[in-house]
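Enquirer: With the hints as constraints, model all of the structure from the sequences given.
The letter at position 124 of the sequence shown is residue 124 when you use full-length UniProt numbering, and the numbering goes up by one with no holes.
Derived from the structure by calculation, the hints contain no laboratory data.
Just so it is clear, the structure is predicted and the values come from calculations on it, not from any experiment.
Please note: incorrect hints may appear among the correct ones.
Within a straight-line C-alpha distance of at most 25 Å, the following computed DSS-like cross-link-like pairs (lysine-lysine) qualify [said to hold, decoys possible]:
(1) K67 x K51
(2) K188 x K72
(3) K65 x K188
(4) K163 x K71
(5) K188 x K67
(6) K51 x K6
(7) K188 x K51
(8) K128 x K71
(9) K71 x K51
(10) K51 x K72
(11) K22 x K6
(12) K163 x K188
(13) K24 x K6
(14) K51 x K65
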Amino acid sequence: MTNGVKEFPILRINRESRQEIKDKLAQEYAFTIILNNQELVTLLCSPMNLKYLAVGFLFSEGFVKNKEEVKKMTLNEQRGVAYMETSETIEPARDLFKRLITSSCGRGVTFYSTADAQSAARVSSRMKISANEVFALINEFQLRSRIYRETGGVHGSALCDTKNILVFSEDIGRHNAIDKVFGECILKNISVADRIIITSGRISSEALLKVVRRNISIVASISAATDMAVNLAADLGVTLIGFVRGRRMNVYTNSWRVS
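Expert: Set out below in structure tokens:
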């Protein structure tokens with residue numbers, strides 16, 4: 001469909017000159033998910049890997065538990081719509097559909113309640129990682145961020161083992177980037193056992209709960225974490241790492257996993 005980048009004529013001004021040039025901008029795309037014939041949400045996103053976004057979003061928000069529950073998916077990219085059919089009846093609490101429009105860069109759209117956080121299971125993984133391995137993964141992560149290097153206007157997310165990036169995605173929304181990673185894992189049957197999530201965005205409670213749903217024990221970000229995310233990570237057994245830049249990082253919780 002697109003590579004997520006468009007050129008636009010601008011006037012660039014510095015101390016010495018004014019120059020008319022073409023600049024590269026990140027594309028923004030309105031993507032509506034219709035679930036079982038009911039409009040669920042409109043996400044403002046990058047217009048790539050939309051099937052991964054749709055499936056990842058439904059899984060992250062608890063509408064489906066596995067790939068088999070997605071009975072049918074039809075994408076109409078011209079209209080910006082995904083028509084999804086699931087095998088399970090939407091539970092009453094989820095049946096209060098609202099039309100929400102979000103890029104998920106502020107508070108991402110979520111159907112979680114405080115009860116979801118309280119009932120979330122602790123992660124069980126005993127995996128560990130060295131500080132040098134974290135630095136190496138972040139370095140590779142930044143080299144993968146093609147659209148960010150061209151535009152400065154997107155977030156990235158990746159699923160990794162301790163040595164390599166296994167799945168990578170970019171999107172204008174930080175939550176969307178995570179959902180695209182998980183959506184690809186679900187549709188391609190990529191295991192998330194003993195894996196790490198890396199993100200460029202701020203780690204909030206919603207982002208952390210998306211990760212906890214997949215029993216992932218280590219989350220690392222180039223950016224900051226919120227206090228609620230740190231508290232949840234401590235309670236749920238997640239190693240939360242922020243501000244991974246250069247040769248330093250902040251390990252907020254469960255530091256025993258980082259050698």
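Enquirer: Each hint needs a verdict: does it hold in this structure or not?
Expert: Against the structure, the hints:
A hinted pair counts as satisfied when its Cα atoms are at most 25 Å apart, and K67 with K51 qualifies at roughly 12 Å. For the proposed pair K188 and K72, the alpha carbon gap of about 16 Å is at most 25 Å, so the pair holds. Proposed proximity of K65 and K188 is supported: the alpha carbons are some 15 Å apart, at most 25 Å. For the proposed pair K163 and K71, the alpha carbon gap of about 35 Å is over 25 Å, so the pair is violated.
At roughly 9 Å between alpha-carbon atoms, K188 and K67 fall within 25 Å of each other, so this suggested pair holds. As the CA atoms of K51 and K6 are separated by approximately 22 Å, the hinted pair is consistent with the 25 Å bound. In summary, the hint linking K188 to K51 is supported, as the alpha carbons are separated by about 12 Å, within the 25 Å threshold. This hinted pair does not check out: K128 and K71 have alpha carbons roughly 37 Å apart, beyond 25 Å.
Taken as a hint, the K71 and K51 pair is honoured in the structure, with Cα atoms around 13 Å apart against an allowance of 25 Å. The hinted pair formed by K51 and K72 meets the criterion: a straight-line CA distance of about 11 Å does not exceed 25 Å. Annotation: proposed proximity of K22 to K6 holds, straight-line Cα distance about 10 Å (limit 25 Å). Taken as a hint, the K163 and K188 pair is honoured in the structure, with Cα atoms around 21 Å apart against an allowance of 25 Å.
For the given pair, K24 sits about 6 Å from K6 by alpha-carbon distance, which is consistent with the 25 Å threshold. Taken as a hint, the K51 and K65 pair is honoured in the structure, with Cα atoms around 16 Å apart against an allowance of 25 Å.
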